[in-house]
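There are 2 protein chains.
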Amino acid sequence: MSVTAARGFTAAGIAAGIKHNGDRDLALVVNDGPRHAAAGVFTSNRVQAAPVQWSRQVLADGEIRAVVLNSGGANACTGPQGFADTRATAERAAERLGASAADVAVCSTGLIGVPLPMDRILAGVERAVTRLSESGGEDAALAVMTTDTVHKTAAVTRGAWTVGGMAKGAGMLAPGLATMLVVLTTDADLNGAALDRALREATRVTFDRVDSDGCMSTNDTVLLLSSGASRVVPEHEEFADAVRTVCADLARQLIGDAEGASKEIRIEVVGAASEDDAVEVGRSVARNSLLKCAVHGEDPNWGRVLSAIGTTGAAFEPDRLNVAINGVQVCRNGSVGEDRALVDMTGREVRITVDLAAGTDSAVIWTNDLTADYVHENSEYAS
Amino acid sequence: MSVTAARGFTAAGIAAGIKHNGDRDLALVVNDGPRHAAAGVFTSNRVQAAPVQWSRQVLADGEIRAVVLNSGGANACTGPQGFADTRATAERAAERLGASAADVAVCSTGLIGVPLPMDRILAGVERAVTRLSESGGEDAALAVMTTDTVHKTAAVTRGAWTVGGMAKGAGMLAPGLATMLVVLTTDADLNGAALDRALREATRVTFDRVDSDGCMSTNDTVLLLSSGASRVVPEHEEFADAVRTVCADLARQLIGDAEGASKEIRIEVVGAASEDDAVEVGRSVARNSLLKCAVHGEDPNWGRVLSAIGTTGAAFEPDRLNVAINGVQVCRNGSVGEDRALVDMTGREVRITVDLAAGTDSAVIWTNDLTADYVHENSEYAS
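So the protein sequences, as listed, match chains A and B.
Numbers in my numbering are just positions in the first sequence, counted from 1, shifted up by 291.
Numbers in my numbering are just positions in the second sequence, counted from 1, shifted up by 291.
No lab work stands behind these hints: they were computed from the structure.
Heads up, a few of these hints could be off.
[Said to hold, decoys possible] To spell it out: a stretch of chain B is covered by chain A in this simulated footprint if at least three of its residues, at any positions, have a beta carbon under 8 Å from a beta carbon of chain A; those stretches are:
no., stretch
1, 296 to 307
2, 359 to 371
3, 406 to 412
4, 515 to 526
5, 533 to 546
6, 592 to 602
7, 656 to 663
C-beta atoms are modelled at their ideal positions from N, C-alpha and C, and glycine is treated no differently.
Work out the full structure, taking the sequences as your base and the hints as a guide.
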């Protein structure tokens, strides 16, 4: 059920003392081969943390031997020293693993603009190497948590091969990834290019469509590593489907654990002239603070859905728009539909369906409600 | 100090029974001439309320005799009946004023998707006509309030002529105007084209740069009416400056009274390669929920400023960005600057200065912090 579900991988998660409360804060995932293929997707934020810059370089040749991950500090906006710290972390892991630093990816998460405590990080890397095990996936998943309340893992097995993974992320969830670190592993026997294709197809319709609070992180990283240990080479479609399934599972877990949220909101846009239109409309609705407050208050305020749709460039006629909330068609042809009193919003999941009546394309975007708890949690994060 | 500060205007504000609590909810502003020139700017939301559709048509010839405004209902997403209701409102006012309905603008504000109580509106229009007076500006300003806690008026006099106005707006404050209704009046002797030019120049750098919660209304309307009663024709620059001054004053009042806010945040972007870049960056920072929470918590979390800048397409290099909060240079060259502990954020106004180090253009965007009170107020708006 984690990064060690697939054969050929070991992992560890330890408390290196980066977090002041003594929780686990350093994870290591190692690919023992025989293959060391890898692919990655990174934040599209132009302000990128040092570990993102480093890991992009490491991935250029399509191979990774190991990934070091730390919580307790993002190592973003830390200047040249931050990059040197990331490199030193990779070098220390490589040295202890008998690998090249150019094959060790690094991921960091936590507060931006604070240098990492490198003595603790380096000692932690050494200790993590001694703790590596084929059952270490859960410990690794625990060690990447920040404001997460639960650790997140998933896996699917298809015949002889498996795709497994772990994720962390609870705030700053937005497009172009979602303040998350995700490591996926597989023992299917595929090269870097095949992994890359499957990973991009999967993230496009899963992590990229999670938009909890409209904020985009400097550190988002999703890695997919193949050990090839199953010796089986799956068809692209079959493999891509497995990767998508694991990504969708993890993405749903991220939304379910978003900071301070009390509702998960599934926004399905149908009848769109293109998939891009559907995504644009879904994202605009997902980012409307007034709507997110209304959902928190269990108020089926469809006017706020329409005002959000109206800010987009998607193809639609205002007097043909339809909106359903939890199955009740509260807006028909851009005007008053069924009685809003019929809508039951007491459950944790709220489904909003927007019909643009302009075509046949569709998309689903997931977001959360906006709550006083979100405000409290994020007013006090740094202090 | 209001819409009746300029000569040639009368106004009234009464309780027509649209609001259930007995507060004033219907305003009337009448231009007694000799000139009846007018210009208007409307929401850029593609979902537009019936009164916006009506008033656009009324303005097409550059003349308005009167404006009827109601709070207690937006008359948006109300279908053909909503448009008929707006027209009936204009017709009743025209009939009692001895004017043409085609010269009566209508503005509505309140909940979307609820038909107006037309019996009360029409009776209210009749009563408002009997209450018109040269000192009715304050009453009119009181009658357009929704969740506003104070009424908003402003005026400047330049020699023989005056520009005055009123505004309402407290939530759904965003670009392309800000859930606001604004009526400006002047006795300067100018035609519709001259008013239009001055109004567009003014709104572009005032109301358009108020972005309290990123949401865009279906009803935003800003009207500027000239009675010509001063018989003075000012130079364009002088008149435009007066209109801009009144708009800036009202915009600042809107931000100061935004729903649930505890801070006003002035985001100044300097060193931009273009004004558009400066506005794009300012707006991105203004809409970052995590930063808005941090400001609420008086936490100088400049990492969230950088991550917001990084989502834009503006010209900049990440390692040349500088950010100051209340005068303390907390981020220098994209990395750690002065000690964040030096920043005092206890005051109500917080100044964030972003230097893109990419040119000489600049812009100022105003926003608010994100608070639990905002969530509470907007969770319960419809109920």
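Could you check the structure against the hints above and give me the numbers of any it violates, in ascending order? 1, 3, 4, 5
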